[in-house]
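There are 2 protein chains.
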Amino acid sequence: MSTITSPVRRNAGVPVVFFDTTLRDGEQSPGSSLNATEKLEIAHQLARLGVDVIEAGFPASSPGDFAAVQSIARAVKGAVICGLARCTESDIRTCWDAIKDAERPRIHTFVSTSDIHLKHQMRVGRNEVIKITREMVELCVSLCPADVEFSAMDATRSDVDFLAEVLSTAIDAGATTINVPDTVGYALPTEYAALMEQLYLKIPRLDQVVLSAHCHNDLGVAVANSLAAIEVGATQVEVAVNGLGERAGNAALEEIAMALVTRKDIVDRPCHIVTTEIARTSRMVSSFTGHLIQANKAIVGKNAFAHESGIHQDGVLKDPTTYEIMKARDIGLTESDIVLGKHSGRHALQSHLAELGIHLDGPDLAEVFRRFKETADRKKEVTTADLEALVGEEIRQREDVYSLDHVYTSAGTDIISSSQVGLRATGEKRTGKAFTGGSIESIFLAIDDAVGVSGKLMDYQVRSITSGKDSLGEVRVVVEVDGKRYAGQAVSIDVLEASAKAYVRALNNVAMGREAGGARGDRVYL
Amino acid sequence: MSTITSPVRRNAGVPVVFFDTTLRDGEQSPGSSLNATEKLEIAHQLARLGVDVIEAGFPASSPGDFAAVQSIARAVKGAVICGLARCTESDIRTCWDAIKDAERPRIHTFVSTSDIHLKHQMRVGRNEVIKITREMVELCVSLCPADVEFSAMDATRSDVDFLAEVLSTAIDAGATTINVPDTVGYALPTEYAALMEQLYLKIPRLDQVVLSAHCHNDLGVAVANSLAAIEVGATQVEVAVNGLGERAGNAALEEIAMALVTRKDIVDRPCHIVTTEIARTSRMVSSFTGHLIQANKAIVGKNAFAHESGIHQDGVLKDPTTYEIMKARDIGLTESDIVLGKHSGRHALQSHLAELGIHLDGPDLAEVFRRFKETADRKKEVTTADLEALVGEEIRQREDVYSLDHVYTSAGTDIISSSQVGLRATGEKRTGKAFTGGSIESIFLAIDDAVGVSGKLMDYQVRSITSGKDSLGEVRVVVEVDGKRYAGQAVSIDVLEASAKAYVRALNNVAMGREAGGARGDRVYL
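Keeping their order, the protein sequence lines are chains A and B. For the first sequence, our numbering gives the first residue as 21, with consecutive numbering after it. For the second sequence, our numbering gives the first residue as 21, with consecutive numbering after it.
In case anyone wonders, no lab produced these hints; they're calculated from the structure. It should be emphasised that the depicted structure is a prediction, and the values quoted were computed from it without experimental measurement. Among these hints, one or two may not hold up.
Chain A stretches covered by chain B per the calculated footprint, using a threshold of three residues with CB under 8 angstroms from any CB of chain B [said to hold, decoys possible]:
1) 66 to 80
2) 245 to 259
3) 428 to 437
4) 524 to 532
Here are some chain B residues the structure puts well away from chain A; computed CB gaps all over 10 angstroms [said to hold, decoys possible]:
5) SER91
6) LYS151
7) THR354
Positions of the beta carbon are idealized from the N, C-alpha and C atoms, including for glycine.
Extracted from the complex, chain A is given alone in its bound form (with noise of 0.2 angstroms):
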């Protein structure tokens, strides 16, 4: 029998650099859709939130992604934007294009490092591998010489010989961030800390630049994965907020944060999150993508402070150290806030969309204080989240084609459902109706009437954003339209009027050719 030998501790005290890849490879998750104002937020958000480098996007990808890209390297202070390029000079000179008005621009590039993807993806030979790092990484530090990664793609199933030959490959060409990403979700922590060990033994020059972990979490350890990699000494990790991204999602970045803070006692990592904005960051990116949080979800999800939401056992009042590791407040949870009433005026709704990051003027502020009167004429009370959530609608409907102008359903147990609804479509009306079986699907046919396509119902959510029968329903719908798919969500008092809205958005996807993430060619898997 021995004990566990500790690993030196390298890089004790140095604090871990947050890259977070929620506009990128949690973008681009099946069923994800933002527009470019939803990217905009975000970012804003995540800068927030004291993330280091925010991977805003893939500019190569698509028109639109250059754009979001470039208008959040604009706009977005604080925080590194980087963009991913594959390792071509059209891709990276695109990238660079992109992201160089930033304060301080990254380009991302990777080449594939195991036999598995030279064989059957890349077809290409190791030789090759090397000289195309080689080169790409020099043309990328000739554009943007202050911050250029490089990630050996499928890290965990290379060769460790070949990849190390390749790393320092790229740290001669001048890159100035290492990822080893486990871009199938393989690895496990001890193996994944391993690896990182032989990477500094056979690398001499690797503890001169930044070495990142990039976990997916196919196997449930993605999180577990990064911690062991700073244990040995990574000093970045690449996160997406909620753990979203391809297949089971990337580490999630307030599992990591909180784990750091929580047992500082023994990683003696810091960081530079502000875990107070963690909650707020997390149902952004939840209300955005549409993508729902279990309430069992660590950190985030409903249940996950359960012993703070007036259910209490006698130990936790006793000492709520009894049962308690961390703090609801600690992540920027409070109790769900009455902020206005009906008879707020604009000014008060503006400062406290202040409070909250939130700064509107203009025909913005007034659409929003609209949303809001209308929903405070039918709510009591109307809370923060529920601010929130008609602030991402407006954030929405800037860019429809559609929208909906009125919808009236009856429905009932053994009656055939029956909608008429209207739209407008750049100024004209538009009417359709339909009777069929249930109520939401009657709905949707009046809807296909009046837009004169059909959609194929594919996904259809609804939660409710506060408690109360008056709460506002969020609905989220993904549609087929010829073998693609679009998402759509909204927001109403009244599920059935947000379920109409959210049908006409996923269509004004469809009529903008926006696919959601995860049906496009032109995903990346890192």
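Given chain A's structure and the hints, the job is docking chain B onto it.
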């Protein structure tokens, strides 16, 4: 610099015992509400899944829990049936009464070992803990000599020498399984493994009993902690389906099982889990408890195997192993199969259900057949997922006091919604009506009117069971009445009807005093 020293591979090749606590720790999580029939169905499914030990409940907590544990002990074959008992004579004797008819019963008792719990919760000294442990484990052994499990609550925050002393006492008194819970979800993987190593060193007889890990996911590392314990020799893991449980939940059964199977090359610890039953078990637990699963949940989330759902990127098509480490069919996910149409008869239904492991006859079969025909009349294709939902609906309804007779609603933009409902309450007919803001609000108020209560809606969620506008919708509500919370779920082809049924079911739980998990005073935090 040093490399990681691998720990001695204790118990290489020895199967890991899967101890499932979905029905105990999972069931007491906020919002869960399982009736006795649902618990029995889940227990049968856990046995099919190959779980070694089923923790069926906490018999001393209520007569309802006693009855549920007893019915599982009497009916479910193949697995050990375990009941939880606090370290008191009364709890232990009640537990034994509930489980004694099982093929292989286990009594599981526990005591806190951390100073913080001793001081604030138990208010006893260390010597008293040793004495209680000896006496109560001896009592367990006198009743159930072959199989007694002892847990040291809050083990990870305990003084390790005192912890070792308590565990040694339990082993000397005859405990056959020793469990080391990370009750508050505080440990990190290397730390938890090191604790297990220390216990092996300090307790010579520890390798003669089963050593068990019980991990909570507060910091997102419950699965990694369990795997770390397995790596240093632990022979049992305590898990829950979908990672359910207190706060952020327990280690997810499906993630540990798939990690052991997928990475048997480095872990070398087999298990008895029949992985092809994972998807179905996950769906059943989600549907019965009402806890939705997020899309990016590892293994069982909708996006976990998105590569296989018609969405392919170049590399995946060339060779699946490029991006896949597991196959959807390994966990029993198959294409959404059309099993039955509107002309299918009762025998066809019965045999399809039997293939799903559901054996119905007599009035139960008749009722499911009625629901099937109703659905098939309104929906083109009835799939396996639909059948599971309809059977779940039947199981729920068996214990209802009130049932929904009819609901009619009309609603729309800028109009006041109106709803009228008819209920049956033990033969008697009741009606209710309401005019108010939203459609769902008016339905729930009409039901309040009919029943004569006033419930506060705490949570409302809807999801579609399959794709298509005519999909069945599953609704979940949590209602607060007199400060206590009650949950209800229901399925219908119409979301409004499903909402009405779910709300009526929650009021049934009010009538029967069946509070949702998390609201009761009898929870045990292990």
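Checked hints:
A stretch counts as covered by a chain when three or more of its residues have a beta carbon under 8 angstroms from one of that chain; for the stretch 66 to 80 of chain A and chain B the count is 0, and the coverage is violated. Counting residues of the stretch 245 to 259 of chain A whose C-beta sits closer than 8 angstroms to any C-beta of chain B gives 5, which meets the bar of three, so the coverage hint holds. Given as covered by chain B, the stretch 428 to 437 of chain A passes the check, having 9 residues with a CB less than 8 angstroms from a CB of that chain where 3 are the minimum. A stretch counts as covered by a chain when three or more of its residues have a beta carbon under 8 angstroms from one of that chain; for the stretch 524 to 532 of chain A and chain B the count is 0, and the coverage is violated.
Annotated as non-interface, B/SER91 keeps its C-beta farther than 10 angstroms from every C-beta of chain A; the closest such distance is 27 angstroms. With a closest Cβ-Cβ approach of about 21 angstroms to chain A, B/LYS151 is found to remain outside the 10 angstroms limit, as its non-interface label requires. Distance to chain A confirms B/THR354 as a non-interface residue, since its nearest Cβ pair spans about 18 angstroms, more than 10 angstroms.
The structure does not agree with the numbered hints 1, 4 stated previously, though it agrees with the rest.
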